[in-house]
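J.: Taken in sequence, the protein lines are chains A and B. For the first sequence, the working numbering gives the first residue as 1, with consecutive numbering after it. For the second sequence, the working numbering gives the first residue as 1, with consecutive numbering after it.
To be clear, the hints were calculated from the coordinates, so they are not data collected in a lab. Keep in mind that the hints are not guaranteed to be accurate.
[Unchecked claim] Pairs of lysine to aspartate or glutamate residues, derived as EDC-like cross-links and limited to a Cα-Cα distance of at most 16 Å, are as follows:
{"hint": "1", "chain 1": "A", "residue 1": "K188", "chain 2": "B", "residue 2": "E225"}
{"hint": "2", "chain 1": "B", "residue 1": "K241", "chain 2": "B", "residue 2": "E225"}
{"hint": "3", "chain 1": "B", "residue 1": "K120", "chain 2": "B", "residue 2": "D61"}
{"hint": "4", "chain 1": "A", "residue 1": "K188", "chain 2": "B", "residue 2": "E256"}
{"hint": "5", "chain 1": "A", "residue 1": "K45", "chain 2": "A", "residue 2": "D62"}
{"hint": "6", "chain 1": "A", "residue 1": "K333", "chain 2": "A", "residue 2": "D93"}
{"hint": "7", "chain 1": "B", "residue 1": "K30", "chain 2": "B", "residue 2": "D61"}
{"hint": "8", "chain 1": "B", "residue 1": "K188", "chain 2": "A", "residue 2": "D191"}
{"hint": "9", "chain 1": "B", "residue 1": "K188", "chain 2": "A", "residue 2": "D246"}
{"hint": "10", "chain 1": "B", "residue 1": "K30", "chain 2": "B", "residue 2": "E65"}
{"hint": "11", "chain 1": "A", "residue 1": "K96", "chain 2": "A", "residue 2": "E300"}
{"hint": "12", "chain 1": "A", "residue 1": "K45", "chain 2": "A", "residue 2": "E72"}
{"hint": "13", "chain 1": "A", "residue 1": "K333", "chain 2": "A", "residue 2": "D38"}
{"hint": "14", "chain 1": "A", "residue 1": "K188", "chain 2": "B", "residue 2": "D192"}
{"hint": "15", "chain 1": "A", "residue 1": "K333", "chain 2": "A", "residue 2": "D82"}
{"hint": "16", "chain 1": "B", "residue 1": "K47", "chain 2": "B", "residue 2": "D61"}
{"hint": "17", "chain 1": "B", "residue 1": "K188", "chain 2": "A", "residue 2": "E256"}
{"hint": "18", "chain 1": "A", "residue 1": "K45", "chain 2": "A", "residue 2": "E65"}
[Said to hold, decoys possible] Rough simulated footprint, nothing fancy, chain B against chain A, three-plus residues with beta-carbon under 8 Å:
{"hint": "19", "stretch": "122–132"}
{"hint": "20", "stretch": "202–213"}
{"hint": "21", "stretch": "230–239"}
[To be verified] Each pair of labels, with its calculated beta carbon distance range:
{"hint": "22", "chain 1": "A", "residue 1": "M17", "chain 2": "B", "residue 2": "T77", "range": "51 to 61 Å"}
{"hint": "23", "chain 1": "A", "residue 1": "T320", "chain 2": "B", "residue 2": "Q148", "range": "29 to 39 Å"}
{"hint": "24", "chain 1": "A", "residue 1": "K120", "chain 2": "B", "residue 2": "G146", "range": "30 to 40 Å"}
Positions of the beta carbon are idealized from the N, C-alpha and C atoms, including for glycine.
There are 2 protein chains.
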Amino acid sequence: MLDSTIVPQNFGANLKMAETYLGMDVGGTKLAVLVGNDRGEVLQKVKRPTMAQRGPWPIIDDLVEMAGEVLEKANLTLNDIDAVGVSIGGPLDAAKGIIYSPPNLPGWDAIPLKNVLSVKLERPVFVENDANAGALAEWRFGAGRGAQNMVFLTAGTGMGAGLILDNRLFRGANYLAGEVWKIPLIRKGLDDPNPLEFEYLTAGPGLARLARKALQKNPFSKMLEMVGGDLQKITGEIVGKAARLDDPVALQVLNEAGTYLGWGLAVLVNVLNPEIFVIGTLGIYLGDLLLGPARRAMRETAVPQAAEIVRVVPAQLDATIGDVAALCVAMEKYEG
Amino acid sequence: MLDSTIVPQNFGANLKMAETYLGMDVGGTKLAVLVGNDRGEVLQKVKRPTMAQRGPWPIIDDLVEMAGEVLEKANLTLNDIDAVGVSIGGPLDAAKGIIYSPPNLPGWDAIPLKNVLSVKLERPVFVENDANAGALAEWRFGAGRGAQNMVFLTAGTGMGAGLILDNRLFRGANYLAGEVWKIPLIRKGLDDPNPLEFEYLTAGPGLARLARKALQKNPFSKMLEMVGGDLQKITGEIVGKAARLDDPVALQVLNEAGTYLGWGLAVLVNVLNPEIFVIGTLGIYLGDLLLGPARRAMRETAVPQAAEIVRVVPAQLDATIGDVAALCVAMEKYEG
Numbered sequence: 001m002l003d004s005t006i007v008p009q010n011f012g013a014n015l016k017m018a019e020t021y022l023g024m025d026v027g028g029t030k031l032a033v034l035v036g037n038d039r040g041e042v043l044q045k046v047k048r049p050t051m052a053q054r055g056p057w058p059i060i061d062d063l064v065e066m067a068g069e070v071l072e073k074a075n076l077t078l079n080d081i082d083a084v085g086v087s088i089g090g091p092l093d094a095a096k097g098i099i100y101s102p103p104n105l106p107g108w109d110a111i112p113l114k115n116v117l118s119v120k121l122e123r124p125v126f127v128e129n130d131a132n133a134g135a136l137a138e139w140r141f142g143a144g145r146g147a148q149n150m151v152f153l154t155a156g157t158g159m160g161a162g163l164i165l166d167n168r169l170f171r172g173a174n175y176l177a178g179e180v181w182k183i184p185l186i187r188k189g190l191d192d193p194n195p196l197e198f199e200y201l202t203a204g205p206g207l208a209r210l211a212r213k214a215l216q217k218n219p220f221s222k223m224l225e226m227v228g229g230d231l232q233k234i235t236g237e238i239v240g241k242a243a244r245l246d247d248p249v250a251l252q253v254l255n256e257a258g259t260y261l262g263w264g265l266a267v268l269v270n271v272l273n274p275e276i277f278v279i280g281t282l283g284i285y286l287g288d289l290l291l292g293p294a295r296r297a298m299r300e301t302a303v304p305q306a307a308e309i310v311r312v313v314p315a316q317l318d319a320t321i322g323d324v325a326a327l328c329v330a331m332e333k334y335e336g
Numbered sequence: 001m002l003d004s005t006i007v008p009q010n011f012g013a014n015l016k017m018a019e020t021y022l023g024m025d026v027g028g029t030k031l032a033v034l035v036g037n038d039r040g041e042v043l044q045k046v047k048r049p050t051m052a053q054r055g056p057w058p059i060i061d062d063l064v065e066m067a068g069e070v071l072e073k074a075n076l077t078l079n080d081i082d083a084v085g086v087s088i089g090g091p092l093d094a095a096k097g098i099i100y101s102p103p104n105l106p107g108w109d110a111i112p113l114k115n116v117l118s119v120k121l122e123r124p125v126f127v128e129n130d131a132n133a134g135a136l137a138e139w140r141f142g143a144g145r146g147a148q149n150m151v152f153l154t155a156g157t158g159m160g161a162g163l164i165l166d167n168r169l170f171r172g173a174n175y176l177a178g179e180v181w182k183i184p185l186i187r188k189g190l191d192d193p194n195p196l197e198f199e200y201l202t203a204g205p206g207l208a209r210l211a212r213k214a215l216q217k218n219p220f221s222k223m224l225e226m227v228g229g230d231l232q233k234i235t236g237e238i239v240g241k242a243a244r245l246d247d248p249v250a251l252q253v254l255n256e257a258g259t260y261l262g263w264g265l266a267v268l269v270n271v272l273n274p275e276i277f278v279i280g281t282l283g284i285y286l287g288d289l290l291l292g293p294a295r296r297a298m299r300e301t302a303v304p305q306a307a308e309i310v311r312v313v314p315a316q317l318d319a320t321i322g323d324v325a326a327l328c329v330a331m332e333k334y335e336g
C-alpha cells in the first residue's frame, strides 16, 4: 500500500492539466476546426467546404461559426481554450498573422487574420503556413520525433518545406524559408527559357504529367485500365496502385519522379545537412516505390558524408496531419 | 568636472577586461597564428608556409612553435590566453575537434586537433571549418553586423557557405551545412552524365575557365595583353582589371559568371530566405561587376517576395578575414 505521506517532488507538475486548443486548418478545398490538446490529441472536429472563390470574409465568418459548433460538441466554452492555432497557405507574416495572397485562397490580400480572429474569439491566435505547421506536427508527434534537424516536404499538390533546425522551426527573414518548390532541377544552360523546377517535376500534378507522357509512348499499362482510358484521371495514387501490381510503366514513372525528388533532396542535403527528411502525401501513398529511387539519386548527387547520415521516410500522421498541425501552431505560441 | 562619487551602474561591466585569444588560420598554402581580443583586434601575428604535403604532425608542431613566437612578440604567456580558435578546412567535427581529410590538407585523416592542441597548449581549444569561421567574422565585425539571417560565401578558390540563422551559426547534423559548392546549376536532363555545379561555374578557377573559353573565341581583349598571351595566367583579378577598363570580353565573362552566381544565390534564397548575402574574395575584388549580374539573375529565378528583401554585398574584412575568423572561433567556445 502506498504511504500517503510520501508525495513525489514533481507531484504538481504531474497534475498539471493539458492545455486545450482550438485548431483551424484552412485549405483551398476544405476547412476544419477542431478542439485538441498539447498531446496532439483531437477531441472534436467539424468540417466545411472552403468554397475559396467567396474570398476571405465569408470564410472567416465560417471559421468563427465552426469554432462555436466544435466547442459545443466538446462541451467546452471559449474560456476553456488556451490558444487558437491556424494552419493556412503562405505567404504570410507569422508574427503579425497577416495573409498575403496564397495561391489556393484568392482575394486574401493582406488579411490580418490573427487580429480579426482574436477580436472575434477573444483568445490568443497564432498563424503559420501549412508547410511549417506540418513540420511542427511531424516533429512533435510523427516521424521526426527527437530529430534536431529535420526537413518536412509537403509533397502533395505542391512541394513546400518546413525546416526544423537546431531544435526549432526556422522561418527565415520574412517567413519564406522552405519555398523549395521554386528550385530549378533541370536547366540546359545560360539561355534556357524554361528551367524545370522541383515542384513541377515532383509534386502530385507533376507525377501525373510524367505518367500521361509515359502512357502516350507506351499504352500497355494497368494504369490505363484503371482510369477507363481517360488520361486526365491519372493521379499519383493510380500510379502507385499500378506499381504495386508490378506494372512496368508505372514503375518507370516512379523511378523517374523519385530521381527528381532525390535531386531536390540532394540540394537540401548540401545546404542544410539534416538528419531526416519526412515526406508528406506522396511519401505516405507511395512509400519506397518513390523513396527508393529518391534515396539513390540523392546519394549520387549530394555531398557523400552528409548524404550517408540522412534518413528519408514517409510522414506518419497521414490524413490527420492538418489537424495536428493546427494544434502545433497553437502550442508554439510564436509572436516573432 | 565629473563628480567622482557618481558611479555608473554598469561600471563593473565597462571595466571588464577584453578576453585575449590565440587564433590559428590553417590554410593549404599558409599558416597564421595570432594574438587578438574579443573586439576582433589582432595584436600580433606570425606566418609560415603550410607545406601541406608534410602531413598533419609537422604542421601541428609548427602551430605550437608559432604560438610561442607570437606570445613572445605580444609580451604575453599562455596564462594570458582565454581560448584558442582554429579555422581550418572541413570536413571536421566541430564539437570533438577532429579533422577529416580536407581537400587542401592531405593526410589529415581523423586528426584529433582539438585534443592535441589543448594538451600541448594547456588552454581550451575550439575548431571550426573556414567557411563557418568566416561567416562568424563577417557577422560580428564585417558586412553582416546586426543581421539575424546571413549567408557568407567564401567565393575564392572554392565556394563554401557559412550560415547564420536566427542569430547563430548553423552547423547541421554532422557539421556539413553550407556545402553549397556541390549544388548542380546546369543539368540537361535525366541522363546528363555531367551536371555543372555551383563551385565549378562560379569560384575563382571557374571564372578563369570562362575567361579562357571566351578568349579562345574572341582574342581581341585587354586580358590577353595583361597576361602576355599566356592563357594559363588568367585569374579572377585579371578579368576584373580588364572589366574596369571596359574590356567587352571581360565584361561578358563577368556577366556570365555573375548569372551563375545569381542562380546559386536563388537556390539559397528559396531554401533559407536570408536578409543578406556576404560574398568573399571574388565579391571583394570584383564588386558590382560580378554582383550586379548576380543580383539580376537571382531576382529572375528566386521566389520574388524573398528575393526582394535580400541584399548581396562584398565581404568587408578583406585580407584580414582569416585572422578575425580564427578569433571568432575562440570567441564562440562551441562545445557541441
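J.: Each hint: holds or not?
T.: Going through the hints against the structure:
1. Distance restraint check for A/K188 and B/E225: the Cα-Cα separation of roughly 33 Å exceeds the 16 Å cut-off, and the hinted pair is therefore not satisfied.
2. At most 16 Å may separate the alpha-carbon atoms for a hinted pair to count; B/K241 and B/E225 meet this at roughly 12 Å.
3. Only pairs whose Cα atoms come within 16 Å are accepted, and B/K120 paired with B/D61 is accepted, the gap being roughly 9 Å.
4. The straight-line distance between the Cα atoms of A/K188 and B/E256 is roughly 14 Å, inside the 16 Å bound, and the hint therefore holds.
5. This hinted pair checks out: A/K45 and A/D62 have alpha carbons roughly 14 Å apart, not beyond 16 Å.
6. Proximity of A/K333 to A/D93 is assessed by CA-CA distance (about 14 Å); at most 16 Å being required, the pair is judged to hold.
7. Of the supplied pair hints, the one linking B/K30 and B/D61 holds, its CA atoms being roughly 14 Å apart against a limit of 16 Å.
8. Our distance criterion of 16 Å between C-alpha atoms is met by B/K188 and A/D191, whose separation comes to about 12 Å.
9. Among the hinted pairs, B/K188 with A/D246 is inconsistent with the structure: their alpha-carbon atoms are about 30 Å apart, more than 16 Å.
10. Straight-line distance between C-alpha atoms of B/K30 and B/E65 comes to about 15 Å, which keeps the hinted pair within the 16 Å bound.
11. Proposed proximity of A/K96 and A/E300 is contradicted: the alpha carbons are some 42 Å apart, above 16 Å.
12. Using a Cα cut-off of 16 Å, the hinted pair A/K45 and A/E72 holds, with the two alpha carbons roughly 11 Å apart.
13. Of the pairs offered as hints, the one joining A/K333 and A/D38 holds, with about 12 Å between alpha carbons and a cut-off of 16 Å not exceeded.
14. As the CA atoms of A/K188 and B/D192 are separated by approximately 10 Å, the hinted pair is consistent with the 16 Å bound.
15. Proposed proximity of A/K333 and A/D82 is supported: the alpha carbons are some 10 Å apart, at most 16 Å.
16. Proposed proximity of B/K47 and B/D61 is supported: the alpha carbons are some 14 Å apart, at most 16 Å.
17. Restraint check: the Cα-Cα separation between B/K188 and A/E256 comes to about 14 Å, which is no more than 16 Å; the hinted pair holds.
18. Of the pairs offered as hints, the one joining A/K45 and A/E65 holds, with about 13 Å between alpha carbons and a cut-off of 16 Å not exceeded.
19. Counting residues of the stretch 122–132 of chain A whose CB falls under 8 Å from any CB of chain B gives 0; the rule of at least 3 is not met.
20. With 0 residues carrying a beta carbon less than 8 Å from a beta carbon of chain B, the stretch 202–213 of chain A misses the three-residue requirement, and the given coverage is violated.
21. A count of 0 residues in the stretch 230–239 of chain A with a Cβ less than 8 Å from any Cβ of chain B is obtained; the coverage claim is therefore unmet, three being the minimum.
22. Remark: the range hint 51 to 61 Å for A/M17 to B/T77 is upheld by a beta-carbon distance near 59 Å.
23. In this structure, A/T320 and B/Q148 meet the distance hint of 29 to 39 Å, their C-beta atoms being roughly 34 Å apart.
24. At about 38 Å, the beta-carbon gap between A/K120 and B/G146 stays in the expected band of 30 to 40 Å.
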